[in-house]
Amino acid sequence: MAASRDDFVIAIRSAFLKKSTQQKFSLLTLVIASIFIILLSSLNFKIITYLKVGINEVVYRSSFLVSIPENFINNTFSEVKDYSTFYSNYKKDKKELNLLRSKDISNEITQFENKELKELINDYVSTSDKLLAKIIVDHQSTFLRSIIINKGTKDNLKIGTNIYDQSYLIGRVIEVNYKTSRVLLLSDLNSNVPVTIVPQNIQAIISGSGKKHGKIKYIKDGVYDSLTEKSIVYTSGTGAIFKSGVPIGKLVIDENESTLKFNVEFYSDFSQLKYVFAEVLQKTETKNLSKSTIEGNDSFNNTLEAKLKILEDKTKIFEETNLKFKEENENLESRNNDLNTEIINLKDQISSLKQTINQFNLDQDELEFLKLNLKYGHKCRKSFLNNKGFLVETPEYKNCVLNKGIKIND
Amino acid sequence: MINFKSQGLFSKIYNWLPVIFLFISVLNEYDLNYLNLKYFSLNFPFILIFFFTLKEFKNFDYFLVFIAGLINDTVVGLPLGISSLSYLLICFLTSYFRNITIRPNPIKDWFYFLFVISLINSINYSILTLFFSYNLILMVYLVNTFFTFLFYIFFVTIFKYYLRGTND
Chain A
1 MAASRDDFVI AIRSAFLKKS TQQKFSLLTL VIASIFIILL SSLNFKIITY
51 LKVGINEVVY RSSFLVSIPE NFINNTFSEV KDYSTFYSNY KKDKKELNLL
101 RSKDISNEIT QFENKELKEL INDYVSTSDK LLAKIIVDHQ STFLRSIIIN
151 KGTKDNLKIG TNIYDQSYLI GRVIEVNYKT SRVLLLSDLN SNVPVTIVPQ
201 NIQAIISGSG KKHGKIKYIK DGVYDSLTEK SIVYTSGTGA IFKSGVPIGK
251 LVIDENESTL KFNVEFYSDF SQLKYVFAEV LQKTETKNLS KSTIEGNDSF
301 NNTLEAKLKI LEDKTKIFEE TNLKFKEENE NLESRNNDLN TEIINLKDQI
351 SSLKQTINQF NLDQDELEFL KLNLKYGHKC RKSFLNNKGF LVETPEYKNC
401 VLNKGIKIND
Chain B
1 MINFKSQGLF SKIYNWLPVI FLFISVLNEY DLNYLNLKYF SLNFPFILIF
51 FFTLKEFKNF DYFLVFIAGL INDTVVGLPL GISSLSYLLI CFLTSYFRNI
101 TIRPNPIKDW FYFLFVISLI NSINYSILTL FFSYNLILMV YLVNTFFTFL
151 FYIFFVTIFK YYLRGTND
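Residue numbers (this note's numbering), protein chains in the order written: chain A, 1 to 410; chain B, 1 to 168.
No lab work stands behind these hints, which were simulated from the structure alone. A virtual CB, placed ideally from N, CA and C, is assigned to each residue, including glycine. Incorrect hints may have been included.
[What the hints assert, rightly or not] Partner residues aside, some chain B positions facing chain A, computed with beta carbon under 7 Å:
hint, residue
1, ILE24
2, ILE71
3, LEU85
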C-alpha cells in the first residue's frame, strides 16, 4: 500500500518537476504562472491592461495573417456561390431598391423629426460619425461569438461603441486596443439588449443563443398572446447602452408541442460580415450650446426679436377680432330676446282668437237649435197627446229637435 | 513516408511542425466551426498537445504550449491564462500517465484522453462561470468533448505517420 502511494507521488513529482533536455521550464512553474496571470487579468491593474493591449495588438494581427489562407478559401467558395445566384438576386434587389427608394424619403423626414424630439427630451445633442471598419479576425468560436475590427482608441472607439452592419445593429465593443477592438456580437450568450417589439409596442430584453438567432430573455407576463410572427424588433435605448430605434431583427415564434419560444431572426448574417460601421458618438450639452450661440451671435437675437414682433402683431389682431365678435354676439342676443317676446305675444293673440272662434261656434249651434225648436219643438215635447215625446232640456229632446222631430227610438 | 533526417532546413521545419500547427490552430481557431454543422465542434489543440506530450516529442516545449494558451485566450476572448492552464494541465496529466504506463496501449490512451479532456473542460467551465460570470452552454462543452474524443483516433493515425519521418 505504502509502495503504491510512493509510486503515485513519484509519478506526480516527476510529471510536475522533471525537465527533460528540451524543456526550459518545469510544468509546475508554468502552471503557477498561468494561475498568476488569471488572477492578474481579473484585477484591473493599469500595467496589466497595457500589457494586454500590446499582446492583443500583436496577436490579432498575427491571427489575421494566419487566417488569410482559410479566409481566401471561404471567400472563394462564397463568391462562387454568389455568382451562381447572381441574376435572380439582381432581379430581386432591383425590386427591393425601388421600394426602398420610395420609403427612404419618408424615412428621412421621420429621422429629422426624431432628432428634434430627442433634442427636446434629452439635454444633449448627439452627433454621430460612422467609421468603416474591417473585420480582421472572425473565427466563430464554439463558446463565444465575437469579432475583431481594425479600429481602436486611435479612432475614438470606446467600450460600448455600437457596431452596425449597414443600418442594422450587430453588437458593441467590449475591449479596445490602440488599433483594434473586440466586438461582442448580439448572438453571444453574454449579450443582452433592451428592445421594443412593434407593432405591439412591448418592451423586452433579448440575448444571444450562441447560434445564429437571438432569444427573448425577459418579457412582461401576459403579453405573449399579442406577439405575432414577423414583428419588428429594434433597440429601445433603455440603459443608454445601445442607441434607440436601431433595427435588429424579426420575431420568429418557435412552437413545439410543449413549449413556445420567441426567437429573433437577425437582419444581419453575422457569419458573412466583412466590413462593419462603428458609430462614434459625441455628446454636446444643449444648454451650453444655446448660451454660447446667443452670446456670440447677434443675428440670432435679431431673428428672435422679429419672430416676437410677428407674434405680438398676431396677438393684437386676434384681440381685435375677438372684441368685434363679442359686440356682434351681444347684438344678436338682444335681437333674439326681442323676437322671443314677440313670439309670446303672438301666441297669446292666437289663443284669444281661438277662444272667440269657439264661442262663436257655440252661439251658432244654440241659434240653430232654437230655430229648429220653434219649428219642431211640439213634435218632440212630451204632452198628453204626445206620449212618445221627451222631457224638455233632456239630451234626447235636443237630439229629436236637431233631427227635425224624428225620434231616434222610432 | 519521406525521411527528412538528412535534409537541413526542411528537416528542421518538419521537426517543428507540431509546434507550428499548434500555433496556427490557436491563431486561426482551427476547429472546423466554419463548416456550420449543427452541434459540431472540435478542439484540435487538445489532441495535438495530448499526443505529442504522451510521445514526449523533443520540440514540444511546455513553455511554447503556455504561450499558445495565452494566444488562444487572446484570440477567443477568454480571460488571459485560462487556456494556458488547460493546456498545461493536459501536459501534466499526460506526463503522469506516461510515467505510470509500462506497456502503452492506443485504446487505453484514447480513453484516458476522454478522461483528460472531460476534466479539463469541466475545470474550464467552472472557472469561467463561477469566477468570471460567463454564460456558457454546457451542452456545447459536452458535444465538443465528444467530437474531440472521436477525432482523436483519426488525428493520431496521421501523427503516427508523421512521427515515422522524424528523428524521434
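Item to complete: Could you check if B/LEU85 really has its C-beta closer than 7 Å to a C-beta on chain A?
Response: holds (4 Å)
Worksheet item: Are B/ILE24 and chain A close enough, Cβ to Cβ, to be under 7 Å, as the hint says?
Response: holds (6 Å)
Worksheet entry | chain A contact restraint on B/ILE71 - CB to CB distance below 7 Å | At about 5 Å, which falls below the 7 Å cut-off, the nearest Cβ of chain A leaves the hint on B/ILE71 intact, so it holds.
The structure shown violates none of the earlier numbered hints.
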